[in-house]
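Novice: So the sequence shown is residues 17 to 223, counted in the numbering used here.
Check the hints yourself; a few may be wrong.
As the list claims (entries may be wrong) - Taking CB as the label site, the calculated pair distances span:
(1) D105 with P157: 30 to 36 Å
(2) L48 with I77: 25 to 31 Å
(3) L126 with W173: 17 to 23 Å
(4) D105 with L54: 41 to 47 Å
None of these hints come from the bench; they were simulated from the model. Positions of the beta carbon are idealized from the N, C-alpha and C atoms, including for glycine.
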Amino acid sequence: MSEMLNIESMRHGSTTNQLGAEPRVHMRRSPLKLMFTLLGWILVGALVALLLGSSVLPRVIGAVPLAVLSGSMEPRFSAGDLVISQPVDPAQISIGDIVTFQPEANNPALVTHRVVSKFVGEGGAIGFTTRGDANGVDDEPIIGAQVRGKVLYTLPWVGHVVNALNPKLRTGLLQGAGALLLVGAVVSLARPAKKSRTNNPLTGEQK
């Protein structure tokens, strides 16, 4: 009889411990909401990176963003791409470099082609022969004074966007994207995670 009472006591004790245990609090995050939040961060980050690469960084390093208007350098870059060209000492230019130059002194039009040969002209002036990667013939030789810069990097398709936006609008977009990124970070850090509500089976209270 005493053994039966002990068994019943153990059973009731274990039941009491299970019921009286503090309910677990589970973090509740909607997978769909998490996915959209992550997607939003990616889009804002991409926009900021795009504006930095096409506008801010070139200004900092003294480079110039130039929209590509033709396919003469395909497949290296195509019409609608954006090239970032930085002023360079002609002596530092090597065969194989891609340079931006002014073919005619009285014409502000610029051309960006690859250097295929380098020579020393009259009076010791450094000269170059260039050619578009997609062209079958060389360009007219140029001298170092005609070179406006050396291409540092290329942003595919961004030339279309840059042509459509004026500088003030690009600056506004950059500031707006940066503000959104900052506000999003502050909100994410300040907002506590939602907790699921659970019932205490002994008291009926919600936690």
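Novice: With reference to the structure, classify each hint as holding or not holding.
Specialist: Hints, one by one, checked against the model:
Restraint check, D105 to P157: a C-beta distance of roughly 19 Å breaks the suggested window 30 to 36 Å. Roughly 42 Å separates the CB atoms of L48 and I77, a value that falls outside the hinted 25 to 31 Å. For L126 paired with W173, a C-beta distance near 20 Å keeps the hint of 17 to 23 Å intact. Checked against the given bound of 41 to 47 Å, the beta carbons of D105 and L54, roughly 45 Å apart, stay inside it.
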